[in-house]
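> Listed below are the residues making up each chain.
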Amino acid sequence: MGNVANLWALARREVQSNFASPVAYVVLGLFALFFGFLFYIYLEDFISRGMGQGFGGAPEILNLNQDMLRWLLDSTAWFLLFVIPLLTMRSFAEEIRTGTIELLLTSPLTDFQIVLGKFLGAVFLFVSMLALTSLHVAILFFFGDPEWKTLLAGYLGLLLFGSALISLGLVFSSLSKNQIVAAVITLGAFLFLGFFQSAENWAGAAASYITYLSATQHLDEFTKGVIDSRDVIYYLTFIGLGLFLSTQSLESLRWRG
Amino acid sequence: MIEVSGITKEFGRFTAVNGLSFSAAKGEVLGFLGPNGAGKTTTMRILTGFIPATRGTAVVAGHDILSEPLQAKRKIGYLPESPPLYPEMTVFDYLEFVARIKGVPRERRKARVDESLERCSIGDVRDKLAGKLSKGYRQRVGIAQALVHEPEVLILDEPTAGLDPKQINETRALIRSLGGDHTVVLSTHILPEVVMTCDRVVIINKGSVVAQGTTQSLIDQFRQAEYLQVTVEGPQEEVLNTLRSQDGVIAADTVRGEGDVLTYRLSVEPGREVRRELAARLVRAEHGLLGLHQEGTTLEEVYLRVVSSEEPGEAP
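Just so you know, the protein sequences line up as chains R and G, in that order.
The first sequence: position 62 = 62 (my numbering), numbered continuously.
The second sequence: position 175 = 1175 (my numbering), numbered continuously.
This is chain R alone, in the form it adopts within the complex (with noise of 0.2 Å):
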């Protein structure tokens, strides 16, 4: 009981400060303005192929979830992985660099119960960023039909993507006390993870295994509508590793003193 006491103190603070600085307002700003554009783009293009004036040049029989919305949430992911790096540079590194760190290291709390109150925290406001796109949605339905299970699928990709995404940017946030660099670095691991989704024209006899690594491939499955449980294993993996490297991180923080 108390933990969760815990827990709930410490991401309720990590949200507070990321709304108290400007990091959160640029952040949602930004997604917002992107996934407008997208979501302006891809269903321009579905209506003018669904009225004749595509590339075939015959109106085509068209699926909004398959046809649009997949689209969409595919290259929503692309540019969480350069928004998700803006969310967790600030978490460990600021504490670090304010000395805050030590009032959290001396509580009575363990270093995972520390990790997790920070990743709960920024999933919160990862989680803020989706609910923007409920706008788009609701036009579709008010005008459309869309299936909304497939969707929902997507929707529960892009959250376990951006989770996985957060807990790898919490252990390179640690590793540093600036944000600035704790930032960079995240976004080159982000972009290396994305790579690989396309290790068949590289990589050769290892390609499946690259692949199988890209955070961005198994989403592919949950934006068509096919919640495979190898891909929310995969996440989930993902996930537990990156707050386990986090806790190891911050725990070697107390040996390098």
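Don't take each hint at face value.
If we take Cβ atoms under 7 Å as the criterion, some of the chain G residues that face chain R in the derived model are [said to hold, decoys possible]: (1) G1049; (2) R1074; (3) K1075; (4) I1101.
Please keep in mind that the hints were generated in silico from the structure rather than gathered at the bench.
Even for Gly, the Cβ is constructed at its ideal location relative to N, Cα and C.
Chain R is fixed; fit chain G onto it per the hints.
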């Protein structure tokens, strides 16, 4: 309440703390005195569980800090060298947050925060952002933060560093008032601070304890001589000879003055009362005795002696 035995902390090849042992009884205010770089902060960080010791044990309020960290930390309030404030939080929200993570139950939280605010006289800034506070207030919020969960042990790292003289006095009075209810360990490199606020002193240098005890016992222990200041009118050489010929006087030197009126400083064997005989002797020699008074041995002398008697080691 605090039992530290043989703690050593090595950072790579550098030994910051070397086999340190001391203890503090319940309700005592213990001063941790040493020059900068002596290992005070490292020791406090080990005591509070921020960093683990390489060797040795620290037991705080009945819990070993390494094997039962959570139980021990619940009973420790800690003010690090710089107060760990979140600049974007108000003082009240900050203290409430600290109360939560320190495990103060919900129903007592508000009362505890209010009491800490009052105790540290910071009620007037409770709704201000911590980042906008002056240094003095920041320090006091730091102390309030350490108090908020009613810890049995308070560990304060240089609580008066960077404050102005008025704030220093207020902070010292506050710390004094915390003794009794809490066991307080504070570090400082300022001597008068120890004399004014602490019951007991541990002097450390280069990571080791060089002396410990009550202020008075340290003075007694390290007293090698007492000092007299004598102001005499008369030719310098003759006066010096007269002074040196007195039994019990170890040495005599001129310290100041001009012409024939000079002040001399005598070291006298401890516990020897020579003032009466000395006065008679000076009068017999027909020198004009204008002043005679005893200088006490101060803690400052003890401190300088124990800290500088160490063989000069290479700087870390």
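> Now, for every hint given, state plainly whether the structure supports it.
The hints, checked one at a time:
no.	hint	in the structure
1	G1049	6 Å, holds
2	R1074	5 Å, holds
3	K1075	9 Å, violated
4	I1101	5 Å, holds
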